[in-house]
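Protein chains in written order, with the numbering used here: chain A, 253 to 367; chain B, 236 to 348.
Hints may contain errors.
[As the list claims (entries may be wrong)] As a list, the in silico DSBU-like pairs of lysine-lysine whose alpha-carbon atoms are at most 30 Å apart:
1. B:Lys-303 - B:Lys-293
2. B:Lys-293 - B:Lys-304
3. B:Lys-304 - A:Lys-309
4. A:Lys-330 - A:Lys-309
5. A:Lys-294 - B:Lys-304
6. A:Lys-294 - A:Lys-330
7. B:Lys-284 - A:Lys-309
8. A:Lys-294 - B:Lys-284
9. A:Lys-294 - B:Lys-277
10. B:Lys-293 - B:Lys-277
11. B:Lys-284 - B:Lys-304
12. A:Lys-309 - B:Lys-277
13. B:Lys-277 - A:Lys-335
14. A:Lys-294 - B:Lys-293
15. A:Lys-294 - A:Lys-309
16. A:Lys-294 - B:Lys-303
17. A:Lys-330 - B:Lys-277
18. A:Lys-335 - A:Lys-294
19. A:Lys-309 - A:Lys-335
20. B:Lys-303 - B:Lys-284
[What the hints assert, rightly or not] Only part of the chain A face toward chain B is listed, based on derived beta-carbon distances under 8 Å:
21. Val-256
22. Phe-297
23. Glu-308
24. Gly-353
25. Gly-359
26. Pro-360
The set of hints was computed from the structure by calculation and includes no laboratory data.
Note that the structure is a prediction, hence the values are computed from the model and not measured.
Positions of the beta carbon are idealized from the N, C-alpha and C atoms, including for glycine.
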Amino acid sequence: EPEVTQTPSHQVTQMGQEVILRCVPISNHLYFYWYRQILGQKVEFLVSFYNNEISEKSEIFDDQFSVERPDGSNFTLKIRSTKLEDSAMYFCASSLSGGDGETQYFGPGTRLLVL
Amino acid sequence: AQSVTQLDSHVSVSEGTPVLLRCNYSSSYSPSLFWYVQHPNKGLQLLLKYTSAATLVKGINGFEAEFKKSETSFHLTKPSAHMSDAAEYFCVVSDNYGQNFVFGPGTRLSVLP
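Turn these sequences into a full structure, and let the hints guide you.
What follows is the structure in structure tokens.
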């Protein structure tokens, strides 16, 4: 069964450094998403991406964040200058379409720790 | 704006006994609702979803959920718990564009032998 994969599984970085989190969505899916979960808190929506453009983003997704689909398979989340409060589990997801009720398929997550 | 409440942060049951994980939602229109499960070090796996069809939805691994509009609830049940059901369960509502999933805080299910 196809699945979403994410690399790395864990990343430790120093405050102020740039990090890139990578995701490989399911191959025929067209919509891509990033979510994050700070320890002990809810899973929160960050951004959705379709047709090489951001289609929706939350208040969390400020200028420090960017997303890109650099080739036909990868979908990346970049944090330009990490802060302590960026420490969280980051989940990538993909869906076949973006309509109401469409299932999003999630990856296993990348645990980011900012020191 | 939508929101999701999961009334229990932790539920503990004995193997072979019924499971009930509670979820209430708030939405200004007819929502789509999902239950996802997360096992340790695994991704979020879809258990089942409701999208305005039958109000009783059957999912994988013997789980089912009933959409009750009058109670704004979407509780998850299973007649008989198995040790492998121990995991974190998330109730999710999607907005009318389907792109923004709003998660509940999760319920950790423990299954005792």
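Would you list, in rising numerical order, the hints stated earlier that this structure does not obey?
-> The structure breaks none of the hints.
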